[in-house]
Each structure stands twice: as C-alpha cells, then as structure tokens.
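**Q** Residues per chain are reported as follows:
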Amino acid sequence: MNLRLVLTVLAKELRETLRDRRTLFMMIVIPTLLYPGLMVVLEQMTLFGQRRLSEKPAAVAVRGADPALAAFLRRDTAIRLLPAESASVAAVRRRHAEAAIVVGASPTPLAASVPAAGGGTDSVRVLYDPSYERSQRAHDVAAQALRAWNDSLLARRLSARGLPADFARPLALADSSVATAQETGAYALGRFLPVLLILMTLLGAFYPAIDLAAGEKERGTLETLLTAPVPAGEIVAGKFAAVALIGMAAAAANLLSMLLTFQSGVFKFAKAAHVQFTLPWSTALLVLVGLVPLAVLFSALFLGIAVRSQSFKEAQNALTPVQLASTLPILVTMLPGIEFNAALAAVPVVGIAMMFRELMGGSARLVPSLVAFGTTILYAGLALHFAARAFGREDVLFGGGASTVAAGGWRGRMRAWRAGPRRVPLPAEAFVFVAGIALLYFHAGAALQARFGERGLLYSEWGLLFVPAIALALIGPFDARRTLALRWPTARGLAGALLVALGGIPLGWALGWAQVQALHLEMPREMVGALQKLVTASDLPRFLWLLLLVAVTPAFCEEAVFRGVLFQSLAREQRMWRTVALTALVFGAFHLSGETAIRFLPTAWIGVLMGIVVWRTRSIFASMLMHFVNNGMAVVVVSLPALRGLVLSDLGEPNWLLVAAAPLALAAGLWLLPPHTPLPDDVVAEPDSREAAEEAGRVEEVR
Amino acid sequence: MIEFDRLSKRYGDLLAVRELSLTVPGGEVYALLGANGAGKTTALRCLATLLRPTSGAARIAGFDAAREPLEVRRRLGFLAASMGLYQRLTARELLRYFARLNGMEDEVAAPRVEEMVRAFGLGEFADRLCGKLSTGQRQRVSIARAVVHDPPALVLDEPTLGLDVLSSESIFRFIAEARERGRAVIFSTHQMSEVELLADRVGIIAGGRLVAEGTVGGIVAGAGEQNLARAFLRIVREAA
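As given, the protein sequences belong to chains U and B, one line each in that order.
Going by the working numbering, the first sequence opens with residue 3, and the numbers climb by one from there.
Going by the working numbering, the second sequence opens with residue 8, and the numbers climb by one from there.
Don't take every hint at face value.
[Claimed, not checked] EDC-like, lysine to aspartate or glutamate: derived pairs with alpha carbons at most 20 Å apart:
1. B:139 - U:220
2. U:58 - U:135
3. U:58 - U:78
4. U:58 - U:131
5. U:535 - U:456
6. B:139 - U:22
[To be verified] So these bits of chain B aren't anywhere near chain U, every CB distance computed over 10 Å:
7. 33
8. 68
9. 71
10. 141
11. 197
Rather than coming from a laboratory, the hints here were simulated on the basis of the structure.
Note that the Cβ used here is the ideal one computed from N, Cα and C, for glycine as well.
Please work from the sequences and hints to get the whole structure.
**A** Here's what the structure looks like:
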C-alpha cells in the first residue's frame with residue numbers, strides 16, 4: 003500500500019470535512035455547547051419545577067381522623083386540608099384533591115380523649131395518583147406528617163406507661179456509604195457515559211461516511227477520482243481513516259466537554275448527593291484507546307454501506323437502521339445485574355461499552371477487556387474488507403446499468419416485477435419475503451397458537467410459512483421447481499443427508515450445552531416444562547400427533563421458506579459459504595421469536611448442516627429429511643425415558659460418547675454426499691472473478 | 008495511442024457496447040457520436056478503467072485498461088459532464104491534490120499547478136472554493152485538473168453538456184490545443200456542430216455498435232445527405 007497516496011487522500015478528506023458546517027456542528031458545537039447548556043437548563047428546569055410544586059401547600063382531604071390528628075394536620079403549613087367528602091378515590095382521580103388520608107376503623111379504636119394512653123393501631127390509607135406530580139408530592143407531604151404524628155403518639159404512650167422514649171426503638175439504623183464521592187460518581191458515570199460516548203462516536207462518523215462515499219458519487223467526483231492512478235485500496239484507506247479520525251475526534255470532544263461540565267461544579271445536585279463526577283486521566287486515555295477500534299468499526303461499516311448507495315439521501319435511509327441496530331445493544335450496559343464476561347465482551351459494540359463501564363467504575367477485568375478489544379478489531383477488519391470490496395466494484399459505483407423504473411403505481415410495479423422472469427428470486431426479494439412472513443408469524447402465529455394451542459402451531463406453520471412460500475414460487479416470475487429445489491436426491495445423497503443429521507445432532511446438543519455453561523445461562527423452568535410437555539408423548543396417538551406437529555410440519559414448512567426460497571435465491575451467485583451461513587443465521591434468528599436466545603446457536607448449526615446438504619444434493623427433500631430427524635429425535639428421546647437417559651443427563655449434558663462418535667458419522671455423511679453439480683442453466687463463477695459471476699447472474703436473470 | 012479492440016460491455020440483458028473497434032492516433036481528435044443510451048459513455052468508461060469490458064479490450068499507449076489500469080490512468084486525462092470538482096476545495100488545492108494523486112512530488116507539483124493556473128487563466132479565483140465558482144470558471148478548473156499530469160490521451164465524455172456558448176468555446180479551444188500538442192483526443196457528444204468544428208474523424212454509435220466511421224465529409228457523402236445531422240439520422244435509422 004502506498005502510504006503517501008493514502009495520506010494525500012486522508013489530508014484532502016479532512017480538509018474538506020472540516021470545511022463542512024454540518025460535520026463541524028456535530029463535532030465541535032454540539033459537544034462544547036450542548037452539555038454545559040443542557041446541564042444548566044436541566045438543573046434550572048428541575049429546580050423551577052420543584053419550586054412550583056412546593057410553593058403551594060398540598061391539597062389533602064381527610065376522612066375518619068380524630069380531631070387531634072386533624073388539628074395536627076391543619077397546623078402543617080405544607081398541607082391545605084380539604085373536607086372529608088373529597089377523601090375518596092373518585093375525588094383524587096378527578097384531581098379535586100391531590101391526596102386523601104382515610105383513617106379506617108380499628109379493631110381497638112382509639113378514644114379521642116386518650117390517644118396517648120390508649121393502645122391499638124388505626125389503619126390509615128393515603129390515596130394518591132402516581133401519574134400526577136402534584137399528587138405524588140401531596141402523598142409525600144401527607145406521609146411525612148403522618149409519620150410525625152405516629153412518632154408523637156408513640157412517645158406519649160410510652161411516657162404514659164413510664165417508659166423511656168427509646169423503648170420502642172431497639173435499633174438505631176443509619177446507612178453509611180463506604181464509597182467516596184468520586185467512586186459513587188464513577189459508578190454513575192459508568193452507567194450512562196459509555197452509551198453517550200459510543201453514540202457520539204457513531205454520530206461523528208455518520209455524516210462524513212455518507213459525504214465521502216455516497217455524496218462524492220452524487221456530485222460526480224468519485225468518477226474523476228477513480229480515473230487517477232490510485233488503487234482503490236488507497237482511496238478506501240484514506241477515506242476510511244478520515245471518517246474514523248472524525249468519529250474519534252467527535253467522541254473525544256464529547257468526552258472532554260462532559261468531564262469539564264461535570265467538574266465545573268455547575269451540577270449542584272451531584273454535590274448535594276455527595277457525588278463527584280470525575281474521571282482520572284489514565285481512565286480517559288484507556289477509554290480513548292478503546293474508542294479507536296470502535297470508530298474504525300463504525301467508519302468502515304458506514305462507508306461500506308454508504309458507497310453502495312447512489313445518493314446522500316439513499317445512504318441516509320440505508321444507514322439509519324444500521325445506526326439503530328448499533329445503538330440499541332449498548333443499552334445493555336445500563337441494565338443492572340449484567341456481568342462483563344468474555345462472551346458478552348465478544349458481542350460487537352456491547353463488549354467495548356461494557357469495558358468502558360468497568361473502566362469508569364474503577365476497574366476493568368483484563369481478559370474480557372482484551373476479548374472486547376480484540377474482537378472489535380476483528381469486526382473492524384471485516385467491516386473494512388466489506389467497504390474496500392465495494393470500491394472495486396463497478397455495479398456498486400455506477401449502479402446496475404440496466405435498471406428500469408416501473409411507472410403506474412403498484413399495479414405497474416407488479417406488472418414490471420412479473421415481466422422480468424428469473425429462475426429464482428433475487429436475494430433482496432427473498433429477504434423481504436422472509437422478513438414479511440417472520441413478522442406475520444410473530445403476530446398472527448402467536449395469536450393462532452394462543453387461541454388454538456397445538457393446533458394453532460400447525461395452522462401457523464402451514465398457513466403462514468408453507469402457503470406463502472409456495473404462493474411466491476408459483477405466482478412470482480420464477481421457476482417454482484428451482485425456487486423450492488424440488489429435485490429428487492439420489493439414494494446415496496439421501497443416505498449422506500441422514501448420516502450428516504445423525505452426526506450433527508449430538509454435536510448440536512454439545513454446542514447448546516457448552517453455550518449454557520460458558521454464558522452461565524439457564525433456560526427458564528416454565529419454558530423447559532412447556533417444551534418438554536409439548537414433545538412428550540404418553541401414548542401412540544399422541545406420539546404420532548407430536549411427530550406430525552413437531553417433526554413433519556416444520557420439515558415441510560420451514561424448509562420451503564429457508565432452504566427453498568431464501569437458500570435458492572442466495573445460491574444464484576454460486577457462493578457456497580455465504581449462502582449457507584446467511585441462511586443458517588436467518589434460520590437461527592427465526593427461532594428466537596418463539597423460544598429463547600439459547601436456541602440460536604444449535605438451530606443455526608443444524609441450519610449450516612442442512613445448507614451444506616442442500617448445496618451438494620440440490621434437493622430440498624434431503625434437508626426435509628434432516629429437519630424431520632432432528633425434531634423427531636427430540637420427540638422420541640423425551641417420550642422414552644430409557645432412551646433419554648442414554649442420550650442426555652437430567653441437567654441436559656449430552657452423552658459424551660455419542661458426541662465423540664458424532665464427527666465420524668458427520669464425516670461419513672459428507673463423504674457420501676454428491677459434489678455440487680451446476681445445473682445446465684446455472685451461473686458459473688470463475689474463481690476470483692466476482693464480476694463474471696455477477697455478469698452471468700444478470701444474463702441468467704434475463705433468460 | 009487510443010485503441011478499442013472488439014470491446015463489448017453487457018449489463019444484464021442489455022448489450023451496451025458490441026464489438027467496438029477503433030483507434031485514435033496522437034494528434035487526432037475523434038468524435039463518438041450517438042443518441043442517448045447508444046453506448047458512448049459505457050465505451051469511454053471502459054477506456055477510462057471505470058468499467059471492465061465483458062470481452063475485448065480498450066488500450067491507451069498499448070496498456071490494457073482492464074489489466075493495467077494504473078498505467079492507463081497515468082496516461083489519461085478524463086473529463087465528464089459532471090466536471091468532478093470538490094466543492095469545498097479551492098481551485099489551487101484541487102489541482103495540487105490531483106497532481107499528488109498522479110504521483111508528482113511537492114517540488115514538482117507546486118510549479119506545475121502554478122503553470123496550470125496561468126495557462127487556464129485561473130489566477131483570479133484560484134483560491135476560491137470550487138463550490139463558489141461560476142459554471143465557466145468551474146469548467147476551466149475542470150480542464151486544468153484533467154491535464155495537470157500532462158497526459159498523452161484525453162477522454163472527454165460529453166464535455167459541453169449543460170454549458171453556454173462561452174463555456175463551450177473554452178472546451179473547443181482546449182481540444183484544438185490538445186491536438187496541436189500531439190495528444191490523442193476522443194470525445195462523445197450528440198452535438199453535430201461540435202463534431203463538424205473539431206473532429207478529424209467521427210464514429211457513429213447506435214445500439215452499442217459502431218455503424219459508421221470516417222471524416223465528417225466522408226460520412227456525409229457516404230450517406231448521400233447534405234449535412235452531418237441528416238447523415239447521422241439516416242445512418243442511425245438504417246442501423247435500427
């Protein structure tokens with residue numbers, strides 16, 4: 003790589019970006035003005051609100067109180083007593099009274115004349131509306147007054163019996179925090195600062211990435227740039243470095259501004275609560291170091307997506323969901339009880355956010371921190387690869403070249419869609435289809451299952467998965483047999499698929515068990531119970547019904563969607579691993595809705611195996627067999643306790659002998675599978691020639 | 008100097024360029040004439056290394072645009088209708104940027120940029136941001152940018168599109184000067200007057216194919232028409 007060229011591109015991009023008011027606004031103006039301004043405004047607003055709340059006495063109605071209590075309350079200047087008629091739920095709800103004190107009948111009522119000497123307890127209820135601020139305050143004021151009255155009554159009772167005042171107070175409780183004000187502040191900072199910092203890094207990289215990629219395309223300058231004798235790699239590196247630096251600078255400016263704001267003492271609440279917001283320079287430096295791979299990740303990801311868009315607006319639309327998807331997971335850091343372990347550290351963005359939380363809290367464990375740092379660098383590298391590839395592709399830089407826009411509204415578009423015959427759906431069409439039926443399954447399927455129980459599951463699988471998949475293949479401008487891979491496998495292929503399933507299933511169990519151990523996860527007991535009940539057969543008819551429901555039905559319905567429509571659409575580009583992995587990921591994700599996150603890995607694993615088998619046999623029937631065996635085995639194992647003991651322990655630990663033998667079956671199955679054979683009208687990709695594949699893909703599309 | 012050798016380019020079902028073959032030696036101006044969508048831009052983009060030909064080759068000075076793109080780009084000055092100017096760079100900064108991208112060291116780039124500023128009369132606005140320049144000024148900066156590295160071949164894709172007469176005139180002058188300096192120039196257009204004024208030879212492209220080639224006079228005579236516009240219409244209709 004020619005560093006001089008990279009630096010030339012970088013310097014130019016930085017120069018241009020720094021002359022862009024929008025970026026400067028995001029980088030400098032927002033952090034330097036927003037935080038001090040926001041803090042002051044927030045504090046003033048809060049103080050103003052509190053003053054407004056406390057400047058008028060709370061309107062409290064009282065019913066059933068003895069005259070002494072009523073007199074006591076009347077003397078309290080924070081309370082304005084309302085008549086007893088207003089001491090009702092309806093009055094408080096209508097806000098005629100802000101709160102109401104209702105003194106109920108006591109088993110041993112207090113005599114009005116001898117309150118101090120009498121005994122017993124009167125029940126007192128304070129009615130209030132927590133959705134109304136003045137009512138909340140009235141509740142607090144009333145409760146405080148009642149506590150004071152309670153204390154004075156108690157003191158008089160004790161005195162009447164000649165007992166000392168501390169007789170009824172054997173323990174004098176007092177909280178004493180051992181944390182210093184700085185430590186408390188650091189803990190609080192660690193809860194929200196990482197979220198803010200990551201958000202600002204992300205926002206800092208957002209506009210420059212769009213401007214340097216899609217914006218440059220829209221203005222026609224990218225075409226000129228690409229005719230200069232500079233390899234695409236140097237251009238990407240320069241642009242990416244500029245975006246990453248801007249993202250980091252934005253984050254650093256935000257960090258600095260926030261710290262200075264906190265340390266300026268303007269935040270009086272913190273002082274009052276004995277909290278000091280401060281961050282040692284060493285921690286700030288470590289945080290900045292952690293921001294580097296994160297900024298790299300965001301920059302490369304945004305750049306790679308933005309360059310695939312034809313205009314600034316299109317890039318904004320494409321990046322907004324990515325931005326949301328990157329932001330939401332970091333909210334995990336604000337949740338209580340989340341522990342920073344190696345598994346969580348490997349989750350993109352979340353790992354670094356958790357590391358920041360720990361660092362700001364005073365100490366970050368070394369191993370998870372290294373995992374977070376290392377995996378983020380890995381993800382950043384992958385994202386960079388994704389961005390670099392886009393710059394070298396003409397279809398990305400100049401569009402498809404033959405796109406047509408259908409006129410005439412939805413009907414026209416529908417006609418145009420059907421007029422372009424292709425053997426299988428385009429990947430975008432397949433993804434839209436799967437997303438649509440996943441949503442349908444999530445909402446309508448849940449409703450069906452709630453209403454009809456097990457039969458609802460049957461209806462939703464056939465009605466919401468199978469029927470739409472078949473309808474798409476038949477109604478769309480596709481070859482239905484190709485779209486659904488309706489091709490009989492050879493006996494050898496079928497035997498291979500069976501062996502792959504038999505080898506893969508115990509490995510899937512082991513994977514699930516290892517995952518639970520590594521992440522210290524536990525399946526909710528109710529869920530385990532419900533799942534076991536679902537697949538446990540007590541008699542033969544029930545066993546057959548369960549096989550139909552749990553094994554046969556998903557084998558047909560889910561396979562039609564996943565190894566049919568989705569897999570075949572992705573397979574048109576003839577890239578096996580991408581096709582297999584993407585389908586397996588979507589297949590795994592689909593199973594998140596009904597069960598738990600624990601199911602993702604084992605399901606995706608089976609998805610990978612089924613993908614390989616379909617790739618090699620080109621037959622959906624092979625994966626249907628595997629799906630049936632996988633799910634059917636669960637019914638068989640759970641229904642037959644004797645067999646279950648041989649396969650899984652009570653704690654779900656797999657029989658390790660079976661697991662050890664599984665790779666042999668898997669290898670034998672893979673060996674038996676036929677090699678992937680292109681069909682006569684397949685796209686044939688030359689090695690290292692993606693463009694040829696794409697060109698051929700377009701030719702195929704036209705046939 | 009510039010050579011297309013049976014070059015074809017396909018976009019899906021559309022064969023944008025079919026078996027295009029032509030050569031433009033140094034000191035010659037070649038006009039690629041065609042209607043919208045005829046394949047002119049696709050052919051020139053293949054030559055400028057922006058697109059990969061589906062088959063055949065485009066070469067500059069013997070270097071293949073698909074296999075040796077960097078060598079081709081070193082010898083190529085590319086100018087498109089969009090001008091390709093960075094709005095937030097000054098004209099001088101832009102020229103310096105492209106000089107550096109073309110491999111010039113600072114001590115070489117600086118005097119070369121000043122030379123361009125003088126040659127194209129950019130002095131008055133050389134330190135103004137490109138986004139603030141008038142169309143004519145932008146056009147001059149754009150031309151200076153295309154030749155800052157003194158390329159022997161020029162590829163101009165509809166260079167006068169959207170320009171007024173005065174701005175177009177500066178392009179005409181630039182092309183004429185390039186010919187005098189021995190550069191090979193190929194430009195695409197659908198303006199007959201430009202072709203008559205500038206081109207030594209003309210290639211008419213229709214449906215991606217080169218359907219006629221020769222001097223302006225030769226094409227007009229060959230079609231049996233009175234002027235290039237009529238000849239063009241006849242040739243294109245017959246080719247359809």
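**Q** Give a verdict on every hint.
**A** Okay, the hints, checked on the actual structure:
A C-alpha spacing of about 18 Å is found between residue 139 of chain B and residue 220 of chain U, which places the hinted pair at or below 20 Å, so the restraint holds. Under the criterion of a C-alpha separation no larger than 20 Å, the hint pairing residue 58 of chain U with residue 135 of chain U is consistent with the structure, at around 13 Å. Restraint check: the Cα-Cα separation between residue 58 of chain U and residue 78 of chain U comes to about 13 Å, which is no more than 20 Å; the hinted pair holds. Taking the CA atoms of residue 58 of chain U and residue 131 of chain U, the gap is about 18 Å. The hint holds against a cut of 20 Å.
The straight-line distance between the Cα atoms of residue 535 of chain U and residue 456 of chain U is roughly 11 Å, inside the 20 Å bound, and the hint therefore holds. Of the pairs offered as hints, the one joining residue 139 of chain B and residue 22 of chain U holds, with about 14 Å between alpha carbons and a cut-off of 20 Å not exceeded. Every beta carbon of chain U lies more than 10 Å from that of residue 33 of chain B, the smallest distance being close to 19 Å; the non-interface claim holds. Residue 68 of chain B, annotated as away from the interface, keeps every beta carbon of chain U farther than 10 Å; the closest lies near 13 Å.
No Cβ of chain U comes within 10 Å of the Cβ of residue 71 of chain B; the nearest lies about 15 Å off, and the non-interface call holds. The non-interface label for residue 141 of chain B is consistent with chain U: the shortest C-beta to C-beta separation is roughly 17 Å, beyond 10 Å. Every beta carbon of chain U lies more than 10 Å from that of residue 197 of chain B, the smallest distance being close to 19 Å; the non-interface claim holds.
Violated hints: none; the structure is consistent with every hint.
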